[in-house]
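Novice: So the sequences go chain by chain: A and W. The numbering used here applies: residue 35 is where the first sequence begins, and numbers increase by one. The numbering used here applies: residue 1408 is where the second sequence begins, and numbers increase by one.
Please note that the accuracy of each hint is not assured.
Claimed, not checked - No more than 30 Å apart at the CA atoms, straight line, and that leaves these computed lysine-lysine pairs for DSSO-like:
1. W:Lys1464 - A:Lys245
2. W:Lys1472 - A:Lys259
3. A:Lys46 - A:Lys267
4. A:Lys289 - W:Lys1432
5. A:Lys259 - W:Lys1464
6. W:Lys1472 - A:Lys249
7. W:Lys1432 - A:Lys249
8. W:Lys1432 - A:Lys290
9. W:Lys1472 - A:Lys267
10. W:Lys1472 - A:Lys245
Unchecked claim - Among the chain A residues that face chain W by a calculated CB cut under 7 Å, a handful are:
11. Leu251
12. Leu255
13. Glu256
14. Ser257
Unchecked claim - Computed Cβ-Cβ distance ranges for the label pairs, DEER-style:
15. A:Ala95 - W:His1425: 23 to 33 Å
16. A:Ser323 - W:Thr1430: 51 to 61 Å
17. W:Thr1430 - A:Asp208: 18 to 28 Å
18. W:Pro1410 - A:Thr179: 54 to 64 Å
19. W:Lys1472 - A:Glu184: 21 to 31 Å
Because the hints were derived from the structure by calculation, they are not lab data. Each residue gets a CB set at the ideal place from its N, CA and C atoms; glycine is no exception.
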Amino acid sequence: MPTSRKILDLSKLEGYRWLPTGQSALAGPTLERFQSLERLFLGWAATVKAQEHRVPSVISAEQLKKVDYFRSFPHLMTLPATLAPDGENLRRFTASEPVDAQGRLRETAFAPVRDVLTPAACYHFYVLFQDAVLDRPQLLTTCATCFRWERQFVPLQRQWSFSMREIVVLGTPDEVETFAGRFRERIQRWCESAKLPVEWKTATDPFFNPKKNPKALMQQLESVKTELVFDGKLAIGSINRHGDYFGEAFNIRRKKEPVHSACVAFGVERWLFALLTQFGVRRTDWPLSLRR
Amino acid sequence: MKPEAEIRRALREWVVSHGRGVTEKTLSDETPLLERRVITSLQIMDLILLVEELSGKRIDVQQLKPGVFHNINAIMLRFFGEMN
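Looking at chain A on its own, in the form it has when it is part of the complex:
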């Protein structure tokens, strides 16, 4: 198993700031390295002519319900709440100190919550293509700020909000398989040439109560999720084959059948962690393809 013996000292990292709420702020050379990774992923997306999208920060609960998101991942969701808009409620809210001594908002009544802060970038594409009949494969890419609540946060490795770059295919089983195979090969070749110690491992998504969730069992049996693991510990990316799960849930069709789909996902902060651990923050010490 390829491993790294290096340890990253974040306190000495120029332009890096960790917020104990589980978020990273970047500037200076750390931000530049982050941006070079984004260019690398965009370059990979361009090799399959993936169309770039900018997606909203929230996604409708009604749409996520179609893939049983709330029973599968209730522990991860983060909700965008707004105050109930009636005048009396807003007056009560502003009448006293809105934030208490512990930093908690003294909310009065909330309006009904109908959306969720984006938990994964690719969901937006299945909603976008809902009810479509595709006459050719769709190749798409986006980088979304995603939100997942966790019990513990670790700088750059496990964050409440993080950047997820995804490249997605909607197509026939063969088109999807070709896509997944090519990306695995491309990523593998790049990591080898960059001397980044990684390996591929079969994985499952972090389901709530996985022992009692048949969806978790299905992932375990099908081997549909393969993670790219840095240093034997940290998953920095994954290739996910969905079969026709999303095609059926969102009624997207191709050649008279529910479309198949797959995505390649990169956790950009985790890639940043891996590359900083391995090569430090100086541009000239990074792999050639990331020095632009």
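Fit chain W to the given chain A structure using the hints.
Specialist: Leaving out everything else, chain W in the frame of chain A:
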């Protein structure tokens, strides 16, 4: 334990009646069950219970490896291996 042919027949009958998009004629012992979503998360636990019943052995779900429910041949090999 029941004879192999009887177990295969029981598995096929169950998949045809509970699975999606297959008939007696189109289902073979090599038809990919999960990959083609003949069996989905809605049926997988019931299929495991059927295999337990036919084999007379309890299955530790956490220990199941990818591919063991790929098709009827794979199920036979993994859970009724001593018969082949």
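Novice: Hint by hint, note whether the structure agrees.
Specialist: Verification of the supplied hints:
no.	hint	verdict
1	W:Lys1464 - A:Lys245	holds (19 Å)
2	W:Lys1472 - A:Lys259	holds (13 Å)
3	A:Lys46 - A:Lys267	holds (23 Å)
4	A:Lys289 - W:Lys1432	holds (23 Å)
5	A:Lys259 - W:Lys1464	holds (29 Å)
6	W:Lys1472 - A:Lys249	holds (15 Å)
7	W:Lys1432 - A:Lys249	holds (29 Å)
8	W:Lys1432 - A:Lys290	holds (22 Å)
9	W:Lys1472 - A:Lys267	holds (21 Å)
10	W:Lys1472 - A:Lys245	holds (15 Å)
11	Leu251	holds (6 Å)
12	Leu255	holds (5 Å)
13	Glu256	holds (5 Å)
14	Ser257	holds (3 Å)
15	A:Ala95 - W:His1425: 23 to 33 Å	holds (31 Å)
16	A:Ser323 - W:Thr1430: 51 to 61 Å	holds (52 Å)
17	W:Thr1430 - A:Asp208: 18 to 28 Å	holds (24 Å)
18	W:Pro1410 - A:Thr179: 54 to 64 Å	holds (59 Å)
19	W:Lys1472 - A:Glu184: 21 to 31 Å	holds (28 Å)
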